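Asks: Chains as they are written, first to last, in my numbering: chain A, 1 to 370; chain B, 1001 to 1379.
There could be a bad hint or two in this list.
Anything over 12 Å on all C-beta distances counts as not near chain B; from chain A, calculated [claimed, not checked]: (1) Leu-26; (2) Asp-131; (3) Ala-149; (4) Val-153; (5) Ile-158; (6) Glu-164; (7) Arg-278; (8) Ser-283; (9) Thr-288; (10) Gly-350.
Under the rule of at most 27 Å between Cα atoms (straight-line distance), these lysine-lysine pairs were calculated in the DSS-like manner [to be verified]: (11) Lys-1229(B) / Lys-86(A); (12) Lys-83(A) / Lys-1067(B); (13) Lys-1067(B) / Lys-1166(B); (14) Lys-1067(B) / Lys-1229(B); (15) Lys-86(A) / Lys-1166(B); (16) Lys-166(A) / Lys-1169(B); (17) Lys-1097(B) / Lys-86(A); (18) Lys-83(A) / Lys-1354(B); (19) Lys-163(A) / Lys-1041(B); (20) Lys-226(A) / Lys-1166(B); (21) Lys-86(A) / Lys-1169(B); (22) Lys-226(A) / Lys-166(A); (23) Lys-1041(B) / Lys-1169(B); (24) Lys-163(A) / Lys-83(A); (25) Lys-1067(B) / Lys-86(A); (26) Lys-1169(B) / Lys-1229(B); (27) Lys-1166(B) / Lys-1229(B); (28) Lys-1097(B) / Lys-1041(B); (29) Lys-83(A) / Lys-1355(B); (30) Lys-83(A) / Lys-1169(B); (31) Lys-1166(B) / Lys-1041(B).
These stretches of chain A come out as covered by chain B in the derived footprint (C-beta under 8 Å, 3 or more residues) [stated by the list, open to error]: (32) 83–95; (33) 169–177.
Quick caveat, the hints were computed from the structure, so don't treat them as lab data.
The model shown is predicted, which means the values in this text are computed figures rather than measured ones.
A virtual CB, placed ideally from N, CA and C, is assigned to each residue, including glycine.
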Amino acid sequence: MSSAQIEIQLIGIVVAAACALPGVFLVLRGMAMMSDAISHTVLLGIVLGFLVTGDLESPWLIFGAAAMGLITVSLTELLNRTKLVKHDAAIGLVFPALFSIAVILISRFARGVHLDTDAVLLGELAFAPFDRLLLFGTLLPRSLVVMGAIALVNLVFILAFYKELKLATFDAGLAAALGFSPALIHYGLMGLVSITAVGAFDAVGSILVVAFMVAPAAAAYLLTDKLERMLLYAVGLGALGAVGGYWMAHVMDANIAGSMATIIGVLFALCLLFAPQRGLLASAARRTRQRWEFAQTMLTIHLLHHEGTPEAEVENRLDHLHDHLRWEPAFARGVVQRADERGLVRLENGSLHLTDAGRGLATTMLADKR
Amino acid sequence: MTLLELLTSLLTDHTIRTVASGTAILGVVSGVLGSFAVLRKQSLLGDALSHAALPGVAIAYMLTGSKSPAVLMLGAGIAGVLAILVLLNVTSRTRLKEDSVLGIVLSVFFGFGLLLLTFLQRNPDARQAGLNTFLFGQAATLLTRDVQTMAIFGGVALLLVLVFWKEFKLLSFDREFGSSLGLPMRGIDILLTTLLVVAVVIGLQAVGVVLMSAMLVAPGAAARQWTDKLGRMTLLSAFFGALAGVAGALVSSLGSGLSTGPVIVLCISLIVLVSLLFAPNRGLVWNWLRQWRNRNRLRTEAVLENIYLMSSQHADPTHPHAVTALEAVSGAGNVRRSLEELQRRGLAVPHSDKKWSLTAEGVRSAQARLQPTKDTDHE
């Protein structure tokens, strides 16, 4: 591996980590699309910052962009509070308008400057190692330094306000009652999202910032119920996506950011299918198991009901289950076989008898019902 | 160029006419389908769908090698429908919230499209991949052929809306009732959302991915302010969409650096702003005015009652009182303006050294207010 390759992967990992941390809270709070809105409108902040300072490298651009992110959030909320439009429509109205202003400003006043709109939307990671910055006596890639600092800010904020964020996310009412300002936490989080979006668009572009923020966090949400673990998993999945994406792009000779987003999507799909408890396969298996278990319980109750009565000879026969419980013969045989294996019933010449275990199950289930 | 010249250029200039008719078609179709999206809280679906179309475009080009708009639109449409299926299934089968799934579909599909497109061109630099058209649209390069394709796709979509009008209305307002009538509401849902995909696909070439979402939200949101009837709202939304489309095409023909897409979005945003502020009944301005009037009336009445109560400490009910004393009793607010209002109504009169007293009429009015009313429907 050349040093440029290592650096690109490092940048990818740092971007993934910086995005995943606030992303977890966005996913939990149901505000994932806010990251899409913010990652577009920061462009207006950058353009305005550039028109004021005349310098694309100025750190003020980051502040301008972050401020524009917060303005987006407050405009959306302002519009939402009028009750004239719904929340999703408010987002959909605010960000395209601000973004359009940015695009027009760039094409009118910032032509020829290195501020292409498509660069902002798409990013270009392959060039990141060429743009270097002198720090502590070594020349480091600018993106690495900027994103490292942003990741650190995110980490410190989340560690410092962990309790508050957790409470405000899972029980906003209690948080407010205990005197934490939900608005402060909300805007703090949105500030993080804005800063992260500004830093990351340079590397991966604003549309793929959304992939890095939302997809790893959503995948982690399918894997665990613990917030600490969700944060760790999200960072891990994002980093895995970044490294995997780099190598796929390397092999295919294609765009790195797009490739990273694709791998992150694949990782999400894998979690969606195979997550131990919440995955689609696990829940399908659980549903099937529950169906069989329920049928076995039904069977024991049916048998208990007729046990020792005159009609037991007729009712408690395998071939009668079709008439009585409306079970297909194959299904009935399956249920009886499984119940037999579990030691709930015995099958003798087509007639069914409860074992002690089966009788016990039926009585407890009936007792539960009462 | 005067406004008149601009408008005549619509008739005389072939390019402007083509572009304007293209954006007008886009405005009508997205206005009609966007109304439903806004009502069904699916405003961000258009955003996700337009991004998700990219891999469809790339694969359609990969398979056919053709760049004709119909082929690329078909690819985009298939990708959009696929995105909807992913969205519906993941949202209903996991605990993930809809907006998370929207964000994932939007960004991952787009990333995958970007990967394919750059792979096809053997050029990892996304900036040169011709993505500009897809991202921002190129309304200025619309040809008569493109407009015809748009018109055919859009016409079919509108026709289907007309045919399934009642079903779509039911879906938007009372889905459960529809199910209880035995209508296949899930199928109707998929049909309507597929038509939304058609609207997105039509718009991509004209305004691009990023701004297409605005065209689906804004006309509907604006029209919603003016009426409570679905039919009127849809027509108005189509009109607003077309108006913004034509206005955007004309304005952007004025100068360089004014790309059509963003200008159209700004036009429709302006329409939304005006609607939010000035639409009758729902408009914010009328609301503010109402609140201001109510507050004024309540304050004036409070001042009237206060003078009366203070005067009742004296033998003479028309005993004058200092404004400062009234201000102290009435609390914050412009007491003087309320007094002037009372004077206009002949209920109070000013005296020298900033004192005011009630007139006989004022005393009667205050007594009437303070007496416990017998009939509750009084005023």
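Asks: Would you mind marking each hint as holding or not holding in the structure?
Replies: Results of checking the hints against the structure:
Listed as outside the interface, Leu-26(A) is inconsistent with that label: its C-beta sits roughly 8 Å from the nearest C-beta of chain B, within the 12 Å cut-off. Interface exclusion of Asp-131(A) from chain B stands, the closest Cβ pair being 15 Å apart, more than 12 Å. No Cβ of chain B approaches the Cβ of Ala-149(A) within 12 Å, the least distance being about 24 Å, so the stated non-interface status holds. Even its closest Cβ contact with chain B, about 22 Å, leaves Val-153(A) beyond 12 Å, as expected for a residue assigned away from the interface.
No beta-carbon of chain B is positioned within 12 Å of the beta-carbon of Ile-158(A); the least distance is around 19 Å. Even its closest Cβ contact with chain B, about 22 Å, leaves Glu-164(A) beyond 12 Å, as expected for a residue assigned away from the interface. The non-interface label for Arg-278(A) is inconsistent with chain B: the shortest C-beta to C-beta separation is roughly 6 Å, within 12 Å. With a least CB separation of 7 Å from chain B, Ser-283(A) falls inside the 12 Å interface cut-off, contrary to its annotation.
The non-interface label for Thr-288(A) is consistent with chain B: the shortest C-beta to C-beta separation is roughly 15 Å, beyond 12 Å. Residue placement check: Gly-350(A) keeps its beta carbon more than 12 Å from all beta carbons of chain B (closest about 41 Å). Between the alpha carbons of Lys-1229(B) and Lys-86(A) the distance comes to roughly 18 Å, so the proposed pair stays at or under 27 Å and holds. This hinted pair does not check out: Lys-83(A) and Lys-1067(B) have alpha carbons roughly 44 Å apart, beyond 27 Å.
Between Lys-1067(B) and Lys-1166(B) the alpha-carbon distance is near 38 Å, which puts this suggested pair outside the 27 Å criterion. This hinted pair does not check out: Lys-1067(B) and Lys-1229(B) have alpha carbons roughly 42 Å apart, beyond 27 Å. Only pairs whose Cα atoms come within 27 Å are accepted, and Lys-86(A) paired with Lys-1166(B) is accepted, the gap being roughly 24 Å. With a C-alpha separation of about 41 Å, the suggested pairing of Lys-166(A) with Lys-1169(B) is violated against the 27 Å cut-off.
Restraint check for Lys-1097(B) and Lys-86(A): the C-alpha separation of about 17 Å stays at or below 27 Å, so the hint holds. Of the supplied pair hints, the one linking Lys-83(A) and Lys-1354(B) is violated, its CA atoms being roughly 44 Å apart against a limit of 27 Å. For the proposed pair Lys-163(A) and Lys-1041(B), the alpha carbon gap of about 33 Å is over 27 Å, so the pair is violated. A hinted pair counts as satisfied when its Cα atoms are at most 27 Å apart, and Lys-226(A) with Lys-1166(B) does not qualify at roughly 46 Å.
Restraint check for Lys-86(A) and Lys-1169(B): the C-alpha separation of about 19 Å stays at or below 27 Å, so the hint holds. The straight-line distance between the Cα atoms of Lys-226(A) and Lys-166(A) is roughly 11 Å, inside the 27 Å bound, and the hint therefore holds. A threshold of 27 Å between alpha carbons decides the hint, and for Lys-1041(B) with Lys-1169(B) the separation of about 14 Å falls inside it, so the pair holds. Between the alpha carbons of Lys-163(A) and Lys-83(A) the distance comes to roughly 32 Å, so the proposed pair goes past 27 Å and is violated.
Annotation: proposed proximity of Lys-1067(B) to Lys-86(A) is violated, straight-line Cα distance about 39 Å (limit 27 Å). A distance of roughly 11 Å separates the Cα atoms of Lys-1169(B) and Lys-1229(B); the hinted pair therefore holds under the 27 Å criterion. For the hint linking Lys-1166(B) to Lys-1229(B), the alpha-carbon distance of about 13 Å falls within 27 Å, and the restraint holds. With a C-alpha separation of about 14 Å, the suggested pair Lys-1097(B) and Lys-1041(B) falls inside the 27 Å cut-off, and the hint holds.
Between the alpha carbons of Lys-83(A) and Lys-1355(B) the distance comes to roughly 45 Å, so the proposed pair goes past 27 Å and is violated. Of the pairs offered as hints, the one joining Lys-83(A) and Lys-1169(B) holds, with about 22 Å between alpha carbons and a cut-off of 27 Å not exceeded. A C-alpha spacing of about 19 Å is found between Lys-1166(B) and Lys-1041(B), which places the hinted pair at or below 27 Å, so the restraint holds. With 8 residues carrying a beta carbon less than 8 Å from a beta carbon of chain B, the segment 83–95 of chain A meets the three-residue requirement, and the given coverage holds.
A stretch counts as covered by a chain when three or more of its residues have a beta carbon under 8 Å from one of that chain; for the segment 169–177 of chain A and chain B the count is 0, and the coverage is violated.
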